[in-house]
Amino acid sequence: MMRPDDSTAPLERFSEPYTAVGGVAAVGVLNQLGRPDTEPLEVLVREAVQNCWDARRREEHGITVEIGRQGIDVTGTREVARRMLTDPPPGLPLRDCLSRDLEILYFADFGTGGLTGPTRADLVEPDAERDFVDFVRNIGQPPDKELGGGSYGFGKAAFYLASAARTVVIDTCCRTGGGIERRLIAYGLGEQYSEAGRPYTGRHWWGRMVDGVPEPVGGSEAAELAGLLGLPHREGAGGLGTTVAIVAPAVMLDEDDESDVTMSFIAQALAWNFWPRMTTAQGGVHSTMRFVLRDGERRIPVPDPRSHPRLRGFVEAMDRLRSEEPGDDDEDPLVIDRPIECLRPIRRLGRLVIQRGPAAPASAHDGPTPEGARVTAGGLHHVALMRNAELVVCYLPGAEPVGRIGYSGAFRCSVDVDPTFRSAEPPTHDNWVPTFLTSKQERTFVRVALDRIAGICREAAGYEAGAPVGDGGAVALGEFADQLATLMPTIEGPGARKSPVAANRRRARRNAPGHDSPGTTDGEWVVGGQTEDLQEEPGERLRGGHEADDVSGDGNGRSGRPPMIRNAAEPELGTSADDVPVVIYRFELKPNGNAVKLSARVEVMTNDGAQVESEAPIGSVVPEVREWIDPSGAVHPGASALAPADVGAGEWGAVVALHEDAMMRIDVVAEPA
Amino acid sequence: MRTPAARPYLLPPDESVDAEPWRTPDGAQLPDRLDHWDPFTEVEATRSLTVDVDLVRSACRLPDDTTLAVVASWRSDRTRLSGGADPVELGAMDGTLRVPIEITVPGSTSGGRVELVTEVVLRSAGSGPSPLSPRRPGAVLWRDRAHLVVEGAAARFPLTAVEFESIPRLPAQGLWALDWSAEDLEAPVSASLRLLVNSRDGGVLDALRSGSSDVRSGVIRGFVVYDVARTLVEGALSSEPFVAGPESYQEGTLGRMLFELLASAWPGVPVEALARRLRDDRPRLDAELQAHLGVVS
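Protein sequences, first through last, are from chains A and B. For the first sequence, the numbering used here assigns the number 51 to the initial residue and increments by one for each residue that follows. For the second sequence, the numbering used here assigns the number 229 to the initial residue and increments by one for each residue that follows.
Everything labelled a hint here was simulated from the structure, so no lab data went into it. Note that CB positions come from ideal geometry on N, CA and C, so glycine has one too. Mixed in with the good hints there might be a few duds.
Unchecked claim - Each pair of labels, with its calculated beta carbon distance range: (1) B:253 with A:687: 54 to 64 Å; (2) A:396 with B:446: 40 to 50 Å; (3) A:465 with B:520: 46 to 56 Å; (4) A:688 with B:381: 37 to 47 Å; (5) A:696 with B:308: 50 to 60 Å.
Sequences are here, hints too, so could you generate the full structure?
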């Protein structure tokens, strides 16, 4: 594609004409980024570094980004105008910039893949990446980087916006089928204009024309041209990556006293925006972004977030966030570590760690400061919001703290909702806006996450609703609390105003101790008397007076109706014929024509008659019925008795020897003999 | 078929003890529930028992030197704690005795449904009781249970008196503060809403205290209710998720409570319309809330 024999010739300019089917005006591309409140230089730094991060090579542990400023004197500038940015077109403010000393601001990434793939947008190589085309040719191309920092491909627009000449030079070193290839091309985005009766879109490239398309130059020519601008050296595998050089940057910052603070601002902005990737934690995470800052030949130091007075708290929170699982809050009273969850629908949204510490408001600084430094200047009560790229989206202010203890937090959304949060970001990636989302559920996720974070911030600030407060002198306020309850209709509470369900149980003898034992059948006729289970409803009950008329004979001459019994009176104490103290349990038998065998099991009650003793104490004698008294008063000794069909009807007594201190009842069974 | 359980000793007949109902210290009959009870309320109750000790002794075949006592105790089903008054000793007296008893149920350890138990018990069986007689000291001869509901299922606004001076974010001279957050409307009401009243002298606490005789009481209470209502209404209508789906909150949550509050004050008016009213015509919204609550009526 490239013709080596042209290597010393100047680059050619190609300006994009409108075709019959139209085209995108370059000015529209510039508008896509909108007008953020943030200092434009910070937007540039954020976008540029996010682009670098998205371009990282998977096999590399991290990336290095070199940001530098080069001044080019008049002679050098002329050389640039003659060999590279030739013949400035109308509609592009380049010509002016080339008539005086030129300044270059460049972002060079290493450990990245460079701009690979075909160099023409109309070529498709199967499975090939299209980084070059996306960056240099296309507009607003969505990224295909999983969990990347940028989302809109607008990052590149920031470069043109930052250039007074609306022109950038792109110098990349990438792997292609033929090995490592250097590519250098310049690109301008100006106003649309007409020339010689032909309308142009305002997009311009400087390269070598091949088949009517401006192609990048490579090899030593690229190296030479890069050298003209003072761009970092690139060679071999170590040189893989991309340098974007902004021609005549318009985002430089001056203090009131006209001292230039551009590079120190960049240093601060890097720390405030990329500290999560710059820090190395003991025995764990290693930094994945290294920055080199140059102002001409001078190195500019980048603050260490871990010792930065206001970033330190965020770094500590992040260290914990990166540790395995949310630990116990109580371990450290200054740390809050919580999962952030949505309850409806149930979804883990992320995790928040808040580190409390001195609010440490910084001394007032009038000059330009990065957004993060600006919003925290009044005191630290913020949470750094992040997606899984771990680039700070913004510093969300939480409730202002009570007292001098502030807090710094780190929130990272869960991997499976990362795309949702990414979609909630504006092109500048510096906020989460639920209304950007069209899906109601996704909107809920972002909203709930922000609400929950705000709630936990209140807690960190000491505003926690429901926090224990001292007992204010034990004042009875129930009356007023009930009056206030008119504000909470339908809510249940501890107020006693509603009438409880009255339990009007019939009692044989109201004031007798132990009268409400469980399972007692009170004066109702019971067929056979067989009790199924100790605590269950006994047998089949028929209301008193209603006999089991529907039970027919069995055809054997015997009545088909089984014998029935019911309690007749309260048990009474007495003395047997042999002077033994006894309890007599009275019941009524209706044999229904049967000869009946009577038997009974004695149950010892415990807990004041509330429970039946399930097992007798070791060594104790299990009590049993010692004799039965029939309706005529005759005594039948033994644990069971036989009642002939003709004389059985009437009131019987079951006699049990009194056990001192033992409350007892009996379970009587009447079965046909 | 199970028979009733039998005490292992003779019991006196019901008519041997005559018990008056429990009364409050001012002589009124103790109701079966106390509407405005709170854990700082002590319940005091008295009653008088008439015990025919001769009949008790004879029915239980106890000798004349048997000693008896009357014991009152309480038990709470909420706290599962119980307590009692000192026993009233009847000694070996004879005849018909009138026995006044009193009991205090402390608020801090009781709650829910309180059972008041009155018992006539054996102190000592004396000389030569019959084999059927109660003999163990403490054997219960007569028992009466009364019930008093102090807590039920009715709504009660969480309310705490506290020294504002002890809360860093509140000014020491403040009067009341609603402690809540409109951010988590899924939270249960009982855990996320509370009115704090400054217990400092000279505040409004006296007017809010149960049984207050402060002449300003009615007006102050009405105004605090209105102020709390207004705070809640504003919080609800300013919450974007609430306005978007006011009916989506589960029972018992703050969100549901706020929805019901709006529905009762503005029946049939959509929440979105109320949110617009808050934005466009706040005074009207306030006046409508005053009309609903009555405030000082």
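The hints, checked one at a time:
The hinted range of 54 to 64 Å is satisfied by residue 253 of chain B and residue 687 of chain A, whose Cβ atoms lie roughly 60 Å apart. For residue 396 of chain A and residue 446 of chain B, the hinted distance range of 40 to 50 Å is satisfied, since their beta carbons lie about 47 Å from each other. In this structure, residue 465 of chain A and residue 520 of chain B meet the distance hint of 46 to 56 Å, their C-beta atoms being roughly 49 Å apart. For the pair residue 688 of chain A and residue 381 of chain B, the supplied restraint of 37 to 47 Å is violated, since their beta-carbon distance comes to about 55 Å.
In this structure the hint that residue 696 of chain A and residue 308 of chain B lie 50 to 60 Å apart at CB holds, the actual value being about 55 Å.
In this structure, the one hint that does not hold is number 4.
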